[in-house]
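Student: With the hints as your guide, set chain B onto chain A.
Protein chains in written order, with this note's numbering: chain A, 5 to 257; chain B, 705 to 1020.
A hint or two may mislead.
[Said to hold, decoys possible] Derived lysine-lysine pairs resembling PhoX-like cross-links, with alpha carbons at most 20 Å apart:
{"id": "1", "chain 1": "A", "residue 1": "Lys10", "chain 2": "A", "residue 2": "Lys25"}
{"id": "2", "chain 1": "A", "residue 1": "Lys85", "chain 2": "B", "residue 2": "Lys806"}
{"id": "3", "chain 1": "B", "residue 1": "Lys806", "chain 2": "A", "residue 2": "Lys59"}
{"id": "4", "chain 1": "A", "residue 1": "Lys59", "chain 2": "A", "residue 2": "Lys85"}
{"id": "5", "chain 1": "A", "residue 1": "Lys85", "chain 2": "A", "residue 2": "Lys123"}
{"id": "6", "chain 1": "A", "residue 1": "Lys59", "chain 2": "A", "residue 2": "Lys10"}
[Stated by the list, open to error] Below, a sample of chain B positions facing chain A; criterion: calculated Cβ distance under 8 Å:
{"id": "7", "residue": "Ala893"}
{"id": "8", "residue": "Gln901"}
{"id": "9", "residue": "Ile908"}
No lab work stands behind these hints, which were simulated from the structure alone.
Predicted model, so just to flag it, every value in this text is computed and none were measured.
Cβ coordinates follow ideal geometry from the N, Cα and C atoms, glycine included.
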Amino acid sequence: MNAMVKAEGVHKSYGAVQVLKGIDLEVAPREVFCLIGPSGSGKSTFLRCINHLEKVNAGRLYVDGELVGYRQKGDRLYELKDSEVARNRRDIGMVFQRFNLFPHMTALANVMEAPIQVKGETKAVARERAMKLLDRVGLADKAGNYPSQLSGGQQQRVAIARALAMEPKLMLFDEPTSALDPELVGDVLDVMRGLAEDGMTMIVVTHEMGFAREVGDSVVFMDQGVVVESGNPRDVLTNPQHDRTKAFLSKVL
Amino acid sequence: MTASLKKSGPADTPPPGPEPEAIKAIPVRHYGRWVAAVVVLALLGLLVNAFATAKINYHAIPDFMFDSNVLTGLGKTVLISVLAMALGLVLGVVLAVMRLSKNPVTSAVSWVYIWFFRGTPVYVQLLLWFNLALIFPYINLGPIYRDEMSDFMTPFMAALLGLGLNEAAYMSEIVRSGIQSVDEGQTEAAHALGMSQGRTLRRIVLPQAMRVIVPPTGNEFINMLKTSSLAAAACQYLELLRSTSDIGQSTGATVEMLFLAATWYLILTSIFSIGQFYLERHYARGSLRSLPLTPWQKIKANLTSFSNRQSGGVRA
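With the rest of the complex left out, here is chain A (with noise of 0.2 Å):
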């Protein structure tokens, strides 16, 4: 089967700062692919290089079997227009640490946003699919609310609504809970594991052990740009090989 997401020796710097010193990894369609790490370790990073937030420096990633960002012709690479790369993002949703929700619109103003200015859909149809939406992460009765009048966890529920009403083929989650009071989490917890039963293939950078070892499919162990240790969170969650892993797990576990 062909992977969702490849990367292939992937690098990325700020300057002179190495962030990604030459990712491989391979995302299967279906699967739930978490990645944690300390904090600079670099996972963010390449989450955002994925739908192209960020160039990536060397290196090949692919979604789909299509190269982010750059269009192959014989052994050039072309940079894609603006809007070439706007079109890709369409079927690449994307969940952030800090919701970003559009803080002028409503709820559901904020779920039927794309489809309408993007896909050109009629208001009657986002309106029906984004209120589908706002039930399933429970929070029909808010669609009318702005986020201000929101907490974080349902904020961060419409966000995944928001995500989602693009139809995307891949779901990419920034420390989704994060920014969240303990007691939040578990509902944005909840929406993200009935997304991960219904099939969607979703990469997820987290701090959530517990999550990564019940619904993840496979983990990576990210440390200062490269992957460490990565396979069967049950292995390396319980069992991990590496010091490196050993000393990170120790600390957040």
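Tutor: Relative to chain A, chain B alone:
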């Protein structure tokens, strides 16, 4: 979601004991405040007295308040202010986007424009536009428009271009600060959803930037109402100040007519301030948990609930 402020104590609150004795203390006497108030009132009295006994024919002011020449001038002041502001706003957004663009040429051109139009007096600019025919006898926009400059550059056009292009320089800086005040995460979220640059700017960034843009823009508009009086002196545009001072010269009521002009300017800026309040309220949607009450809502709230005095607002 609106927090209810009703005080309902926990169920297991112990029953209230005997009322504690209220503190009865002699309050601090603020003698300084009394002295300051008396001094200020005395000075104010002197000022009022000076104007009351001055040689001012106050009756002339209401007599000419709605004189047709005054009203025409008033209309022209409003017209030129609104149009010049509109020109400044549109051009200001364009300049701001140019300034923020990655293209070094557009960015530099925008910088130079702002540098020039902010750096020279608007009076000089008005004079330059009005006298443009001296250096360009003809205006030639190819097939679109061709005329003698003196026919094209009427007092109205000179005032519009002079005020509007000057305003654009200030507006572009206001718009730029507004755009930059919007969190980068907003752009990222829009891009991640597949929205293009232009759509992100129009649908996501600018509506949020408006909250920062509107208050200083209100300032600019009030300034514009007043600055438009320069257009009379610089390019013979017959606006409010010119029409009132003309009456002043023919009737001898010079100062009275200046008072009249001042009264009209105050009325205009007051009306506009009300409009600004509602505009700011509109763009506050979502960013405030509760919007400030409109004066009308305040009156209604006070009528319906005398006892329940909450300082809260309506839901956004």
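Student: Could you tell me which of the hints above the structure violates, numbers in ascending order?
Tutor: When the structure is compared with the hints, none of them turns out to be violated.
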